[in-house]
Amino acid sequence: MIVRYSLQRLLMLIPVSVSISIVIFLIVHMLPGDPIDNLIRVGSSPQDRAALAAKYGLDRSLVVQYFVWIGNIVSGDFGQAIVLRRPVADLIAQNLPYSLTLGALAFAFSSIVGMILGTIAAVAKRPAVEQVVKGFILFGSTVPGFWLALLMILLFSVTLGWFPVSGAKTWSALVLPVLTIGFGGIALVARVTRVALLDVGHEDFVTLLHAKGLSRATILFRHLLPHALVPVVTILALRIGWILGGAVTAEFVFGRPGLGSLLIRSLGQRDYPVVQGCLLMLALAVMLGTLIGDILQAAMDPRIREAST
Amino acid sequence: MRYMAKTLLLFGSAIMSTSLLTMNFSPAAVAQEATIAFSAGELGATSYDPIKASTLNSANALIYDRLVEQGADQSFHPHLATSWEESPDGMTWVFKLREGVTFHDGEPFNADTIAAWIPEFEGTENAFMTEAIDRVEVVDPLTVKFVMKRPEPNMLYNLASTFMGVPSPKSYKAMGADYGVTTAIGTGPFKLDSFAIGLETVLSRNGDYAWASDLSVNQGAAKIAKITFREIPDQSTAFLELKTGGVDVLLGVPTDFLSILKKEANVATVTIPGTGINYMPINTTAEPFTDIKVRQSTALAVNQKAILDSVYNGVGQEAHHFLINSLPAGKVKSELEISYDPAKAKQLLDEAGWAMKDDGARAKGDQSLKVKLFTQNDTEFKRLAQVVQAQLKDIGMDAEITVFDSSTIRDEYKRNAHQLAVRGYDWNNADILDWFFSGNRLGYPNVSMWQDAKSEELNEKAMKASTNSAERIANFLEYHEYLLSQFLFVPIYQPTTNIAYNTGTVRVPKTIRVPRFRSQTVLDMEVVK
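Those sequence lines, one after another, are chains A and B. Just so you know, we're using this note's numbering here: the first sequence kicks off at 1 and counts up by one. Just so you know, we're using this note's numbering here: the second sequence kicks off at 310 and counts up by one.
Please note: incorrect hints may appear among the correct ones.
[As the list claims (entries may be wrong)] Using 30 angstroms as the maximum straight-line C-alpha spacing, the simulated DSSO-like pairs for lysine-lysine come out as follows: (1) B:K666 x A:K169; (2) B:K666 x B:K642; (3) B:K532 x B:K458; (4) B:K723 x B:K679; (5) B:K532 x B:K819; (6) B:K679 x B:K666; (7) B:K640 x B:K679; (8) B:K571 x B:K640; (9) B:K361 x B:K500; (10) A:K169 x B:K532; (11) B:K614 x B:K642; (12) A:K169 x B:K640; (13) B:K500 x A:K169; (14) B:K532 x B:K571; (15) B:K614 x B:K535; (16) B:K602 x B:K614; (17) B:K361 x A:K55; (18) B:K454 x A:K169; (19) A:K55 x B:K571; (20) B:K640 x B:K614; (21) A:K55 x B:K479; (22) B:K691 x B:K679; (23) B:K723 x A:K55; (24) B:K773 x B:K763; (25) A:K55 x B:K500; (26) B:K482 x A:K55.
[Stated by the list, open to error] Some chain B residues close to chain A (C-beta under 8 angstroms, calculated; not the full set): (27) K361; (28) I506; (29) L508; (30) V511; (31) P542; (32) S545; (33) T546; (34) R750; (35) Y791.
[As the list claims (entries may be wrong)] If you want the footprint, here are the derived chain B segments under chain A, 3+ residues with CB under 8 angstroms: (36) 656-663; (37) 735-749; (38) 757-768.
It should be emphasised that the hints constitute simulated quantities derived from the structure, not laboratory data. Keep in mind the model is a prediction, meaning the values are calculated, not measured. All C-beta atoms, glycine included, are put in the ideal place defined by N, C-alpha and C.
Chain A on its own, in the form it takes in the complex (with noise of 0.2 angstroms):
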């Protein structure tokens, strides 16, 4: 059963990515500017200029431009990039490994800290608990991520000389941009956390469970967990893509290498390659993050499973 629904999940994922390969494409190649502008000496003629355009393909019309990018990527070529002047795969390559470490040890930290305070902003029986709680949460959520990293190195690094200030050479240094990443996520995988268990609490096989005389922590790690859980991996499995781009704003203050550095950086300068290439990554990320997710789902709950077939 389980195995079936995802077969015609993962068939659904074709037709999806050439949308999205489309819309990527487009997108890209409507930005005003063009990459020829970031590459071009001083000194060259117009000719010059037409002749680098032909050479990267940018005078053909879009439409074959798009049907060359996809044939190479369906054959496993990604193209070179136009200001980096390296193939495309080869810089993801090189940046993916520190996204995926970074992102993965964000991902479990926020996933982690975030349940445990999601749990104890819906039992706490004491209201100031819970509004301590909240008010991190709400906190977490809103905080600039820029801001949280600058207060962080000077605390950590510049006050108390715990960890590097910026870097990503050592373990030392994936302290600050974990905790940076981490506390976005935990506020929001808390307050799911918090609303499921709420909603799961009001039901009426709670109040049965109750009277049936069980302790509180049985109730709540029996069964109304595994019942909250179902939005949280959800939510979860959602951000499973921005493990790979969501760390843009850290990439960039604590000076590591990644693919949102690199997305940032090619789209500052329109090279069309990279930026398509990592724009496909990410979507992918995403789609296999939601599907994992909706396996997941329709593992733990039933209803879901015999819903869709």
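Add chain B to chain A, keeping to what the hints say.
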């Protein structure tokens, strides 16, 4: 719950161990090692292949030596070429090469090196550097002759470029597409140890180095044994790294950061004359700037001195013409220099029919003097645009600022949507006049939209008819002076290149004799014990 406990334990021990690690994390304390942060403009280089790369950074300049070096005063100095001779018709150049120079891979440097190197440019996007050279002849093992297709008065300038750092032909051929990424072999004072794109480049001293140019005091191997160049995009982070000792030298410090840096006890700064100008092009095809009186008035309304003092705290120089001061073609007649003169600016607007109204704004008939002022999304240019806007208001011109990103603004210029713009360029050669004012590049880079028969004639003469460098200078000077007389732009400011360093860890020479950060500076740098 078990998981939670485990995670907490793991996390706690991670923090403990990292704090232990960071106690030893103090690269500057290790003798003879220095960490340098690249300037913002040189971030993101993807290769150390000078023949094919589009961007090269300061580390590239330490790996490779050039035939000729250029000083901060734009003078040329022998390096791998000990002397040169240009034939009177400009059709041959003979270079004598330095003896006893070897590459990092042990290969000798000689005339065969040059004969193998120059043809490598063919078909690359850097081919323009050598395109005037027809062929290279080996005269003897230490003498080469360039036979030219046409005279190239820019030859020495090109040879001094970082793109003309000489790689080992043997390694270059052997490594193919990987050259510059995994390996880079030059004759420079430093060897490439490792290169992590977007993160850092580690160089180690070339102990055999004994062929420095006369621009450095130290003629032997570098005193610093190991240099780590780091890419830190955020200026605030880079500053905090310098403050905490994570970085010893910061290249390309923004001028408005200097006053903050001066407050730090352990930080000193060195400024090198810059190689560019910040200016305001005037669109000569957009009303009201089709009238030369309005253009002149606009030019005279900008107060360079006030801008130097208020925006740049007095660091750098006022600009009164289009080329940097150190270029000979920048030495224009003083009456042609564009300087602040508010009384004359107002008088010119009166003459042009733009009368002052009671509310302090000008109008001609029912049309008020409102113009668009474009600039790009950059703190410095935004501030500059605001000050210029206020200065234009003083003569009764109401300028409205619009900010674009750097790629979009070029499309706006090409659409001819602009009137005034605040921008800058960085180029230490007079041929920048052709780039920004030649009639065949209207919109961008010819933001002034300037097209004029006399101007084209002078351009042609400067660009193509000069056979030697003296003639070239005279022709460019004439072209420059004509452009100034037409008020196509307002020169504003000549920036400086600023370097900041930690006085507790490194010693940087007080005066730097090369433009930008080159091996000549690094040879004279020392790690303070």
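Evaluation of the provided hints:
For a cut-off of 30 angstroms, the pair hint linking K666 of chain B to K169 of chain A is broken: about 64 angstroms separates their Cα positions. Proposed proximity of K666 of chain B and K642 of chain B is contradicted: the alpha carbons are some 37 angstroms apart, above 30 angstroms. Note on K532 of chain B and K458 of chain B: the hinted pairing is violated, with a Cα-Cα distance of about 43 angstroms set against a maximum of 30 angstroms. Among the hinted pairs, K723 of chain B with K679 of chain B is consistent with the structure: their alpha-carbon atoms are about 21 angstroms apart, no more than 30 angstroms.
The straight-line distance between the Cα atoms of K532 of chain B and K819 of chain B is roughly 17 angstroms, inside the 30 angstroms bound, and the hint therefore holds. Between K679 of chain B and K666 of chain B the CA atoms are separated by roughly 13 angstroms; this keeps the pair inside 30 angstroms, and the hint holds. For the hint linking K640 of chain B to K679 of chain B, the alpha-carbon distance of about 35 angstroms lies beyond 30 angstroms, and the restraint is violated. Between K571 of chain B and K640 of chain B the CA atoms are separated by roughly 33 angstroms; this puts the pair beyond 30 angstroms, and the hint is violated.
A C-alpha spacing of about 19 angstroms is found between K361 of chain B and K500 of chain B, which places the hinted pair at or below 30 angstroms, so the restraint holds. Among the hinted pairs, K169 of chain A with K532 of chain B is consistent with the structure: their alpha-carbon atoms are about 25 angstroms apart, no more than 30 angstroms. In summary, the hint linking K614 of chain B to K642 of chain B is supported, as the alpha carbons are separated by about 20 angstroms, within the 30 angstroms threshold. With a C-alpha separation of about 49 angstroms, the suggested pair K169 of chain A and K640 of chain B falls outside the 30 angstroms cut-off, and the hint is violated.
About 21 angstroms separates the Cα atoms of K500 of chain B and K169 of chain A, which keeps this hinted pair within 30 angstroms; it holds. For a cut-off of 30 angstroms, the pair hint linking K532 of chain B to K571 of chain B stands: about 27 angstroms separates their Cα positions. For the given pair, K614 of chain B sits about 43 angstroms from K535 of chain B by alpha-carbon distance, which is inconsistent with the 30 angstroms threshold. Under the criterion of a C-alpha separation no larger than 30 angstroms, the hint pairing K602 of chain B with K614 of chain B is consistent with the structure, at around 23 angstroms.
The suggested pairing of K361 of chain B with K55 of chain A holds, with an alpha-carbon distance near 15 angstroms, which does not exceed 30 angstroms. Restraint check for K454 of chain B and K169 of chain A: the C-alpha separation of about 47 angstroms exceeds 30 angstroms, so the hint is violated. Only pairs whose Cα atoms come within 30 angstroms are accepted, and K55 of chain A paired with K571 of chain B is rejected, the gap being roughly 49 angstroms. For the suggested pair K640 of chain B and K614 of chain B, the alpha carbons sit about 19 angstroms apart, so the restraint of at most 30 angstroms is met.
Distance hint between K55 of chain A and K479 of chain B is fulfilled; the C-alpha atoms sit about 29 angstroms from each other, no more than 30 angstroms. As the CA atoms of K691 of chain B and K679 of chain B are separated by approximately 19 angstroms, the hinted pair is consistent with the 30 angstroms bound. Straight-line distance between C-alpha atoms of K723 of chain B and K55 of chain A comes to about 22 angstroms, which keeps the hinted pair within the 30 angstroms bound. For the suggested pair K773 of chain B and K763 of chain B, the alpha carbons sit about 15 angstroms apart, so the restraint of at most 30 angstroms is met.
Straight-line distance between C-alpha atoms of K55 of chain A and K500 of chain B comes to about 34 angstroms, which puts the hinted pair past the 30 angstroms bound. Taking the CA atoms of K482 of chain B and K55 of chain A, the gap is near 24 angstroms; set against the 30 angstroms cutoff, the hint holds. Using the Cβ-Cβ criterion of 8 angstroms, the hint placing K361 of chain B at the interface with chain A is satisfied: the shortest such distance is roughly 7 angstroms. Hint on I506 of chain B holds. Least Cβ distance to chain A is approximately 5 angstroms, under the 8 angstroms limit.
Contact between L508 of chain B and chain A, as hinted, is supported at the beta carbon level, the nearest pair being about 5 angstroms apart and thus within 8 angstroms. The beta carbon of V511 of chain B comes no nearer than 10 angstroms to any beta carbon in chain A, farther than 8 angstroms, and the hint placing it at the interface is violated. For P542 of chain B, the interface hint holds, the least distance from its beta-carbon to any beta-carbon of chain A being 5 angstroms, beneath 8 angstroms. For S545 of chain B, the interface hint holds, since its Cβ comes within 8 angstroms of a Cβ in chain A; the closest pair sits about 6 angstroms apart.
The interface hint given for T546 of chain B holds, since its Cβ lies 5 angstroms from the closest Cβ of chain A, which is under the 8 angstroms cut-off. Look at R750 of chain B: its Cβ gets to within about 7 angstroms of chain A, closer than 8 angstroms, so that hint holds up. About 19 angstroms separates the beta-carbon of Y791 of chain B from the nearest beta-carbon of chain A, more than 8 angstroms, and the hint is not met. Only when three residues or more bring their CB closer than 8 angstroms to a CB of chain A does the claim for the segment 656-663 of chain B stand; here the count is 0, and the claim is violated.
Counting residues of the segment 735-749 of chain B whose CB lies closer than 8 angstroms to any CB of chain A gives 7, which reaches the minimum of 3, so the coverage claim holds. Interface restraint, the segment 757-768 of chain B with chain A: violated (0 residues with C-beta to C-beta distance below 8 angstroms; minimum three).
Going through the hint list in order, the structure does not satisfy hints 1, 2, 3, 7, 8, 12, 15, 18, 19, 25, 30, 35, 36, 38.
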